[in-house]
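Put the two chains together into one complex; each comes in its own frame, and the hints tell you how they fit.
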Amino acid sequence: MHTTYGKGLRGLSIAAIVTIGAALALAFFYAPLDANQGFIQKIFYIHVPLAIVTLCGFIFGALMAVQYLRTGDRRWDMRSYVAIHMALIFGIVGLITGSIWAKASWGHWWVWNEPTLVSYLIVLLLFCTYQPLRFSIEDPERQSRYASVFAIVAGAFVPLNFIAVRLAQQYVHPRVLTLTGGNLPGSMLLTFLVSLLGISLLYATLWKYEMAAKNARSQVRRLRRTLLGEDTMRPVGRSAAPS
Amino acid sequence: MTILLAAAPALPLGKAGKFVAAAYIVFMLVILIYVAIMATRAQRLEGELSELQRDVEAARRGNDAAADREPQESVL
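Chains A and B, in that order, are what the protein sequence lines are. First residue of the first sequence? That's 1 in the numbering used here, and the numbers climb one at a time after it. First residue of the second sequence? That's 244 in the numbering used here, and the numbers climb one at a time after it.
Only chain B is shown next, with the shape it has when bound in the complex (with noise of 0.2 Å):
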């Protein structure tokens, strides 16, 4: 980074130099937004999925059980 910054030509940073810094700040910052949405996003998808997974395992518990009580109705 320092080579880098030494190697770098000085950037006139006056009035033009806050409006370059503006736009650039302005889509760095809309992709953050959207990325962070997206992470949200994800986080509901992986809540949905979490939810299904138990929703399943519940009904295949209700399944097993069903299952189990049968044969012993059958003898009664």
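With the rest of the complex left out, here is chain A (with noise of 0.2 Å):
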């Protein structure tokens, strides 16, 4: 079945445009400053949702790779692996923000002894692994395979590791959401959600368009293949993403 991923794709686009700057001219021009960091906290507005968005970014790809499992469909397999793939970019971004912050607020661009922070770089260094693990196996079908298996077991845990942290005593990092609202006054929620719903539309937008663009890519060597046969196409090299 012919699958499109351009389609709605300008509509996304705007939208994720609209929202973050949205989110910017409320981060900078309507959330008050807060109490106690003052103007350094206006790095939440973008180092949370970017977390949490690249959180969610692993457990959608290991849903996505679920489906490769039990349909045996290569589109799940692309589809998880440029959910992956984002995720780890969002993530790196937060990852740098995150220093900025601890910079800023801590005096250091990291430490060791901060659970949220660590546990995150585990996650973070465990689907780093994602990609050289698929460029190290060469048969497509037991790369799409192994590296679905991987999506499913690293996504996993990702919540117990959310969970565990959770669940530690002593807490340095400041907690942005809790179960009962957090401690965020109307307006930084407002602020907060804002951004946290930019910075998902932004990547949906870019994960939209990086399927596109591989599947546009797979279909011309299709049509390649079919209309000038096997032998006149290039040698293609090893390579990580699903083809």
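If you're looking for bench data, these hints aren't it; they were derived computationally from the structure. Remember, it's a predicted structure, so these values are computed and weren't measured experimentally. The beta-carbon is built from N, C-alpha and C at its ideal position, and this holds for glycine as well.
Here are the simulated PhoX-like cross-link-like pairs (lysine-lysine), alpha carbons at most 20 Å apart as the crow flies:
no.: 1; chain 1: A; residue 1: Lys208; chain 2: A; residue 2: Lys7
no.: 2; chain 1: A; residue 1: Lys103; chain 2: B; residue 2: Lys261
no.: 3; chain 1: B; residue 1: Lys258; chain 2: A; residue 2: Lys103
Okay, the calculated bits of chain B under chain A, using three or more residues with CB under 8 Å as the criterion:
no.: 4; segment: 265 to 279
no.: 5; segment: 282 to 293
no.: 6; segment: 296 to 305
Printed below as a string of structure tokens:
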């Protein structure tokens, strides 16, 4: 069946740009300065949504991998691959913005005795091995299968890790959201939620964009193979990305 | 823009301002780099498409030439 990922991409892109623009305006012109942290707290409107979307992206990738193992349809493997790939990019930006906040707030770029930071780094490093794992397997079928199993196991580790950190006794890292609504006043909470929506839309847009690009490329290759025969295909080297 | 800046509260551009600016710049920069990479890929795909089009046209011309030659050969 023919799948198009470009459909609705324009609308999604506009929604992402508008929401992120609104989030920036709210963060700098509407949300009040934090009583304890002052201006530096503005980083949270970007850092926390990035971290949340990253972790959700890993789980999303794991769910796509489940679908691949259930159906054997390689499109699910592609979706899982792109979801994890995008989440990694968001995760690295989240890590950098978090480090900038830590330097300003704690005076250090990184601290090892903070469970939230270390657990986030572990999850990120775990998923950093996803691409080398794919690259190490030449056979496309085996590559997809092994990568899916890895994505599911690592994806299951994300909520477990989150719960473990929440259960830890000593907290240094500020809690933005809790089950009771967190410590944010209304204006800050609204700004945070708009930022979260904006970053989520950005993730969805880039995921769709990447899927559309990969899908177009594989269609061109398939067309070339159909029209000109297998022999005319240029040799494609080993790749971590599903073909 | 002038109205927006006039309405906006004065931002404290001390030490904290630099860190906040750095965080937002990193975010924007990564998105820009990503978009640039995707643009390069789109360009490459465009190249592949035009190469495919050239190959298909060449193959079609070859087929047409073969079809033109066939009746003459049968007459001879």
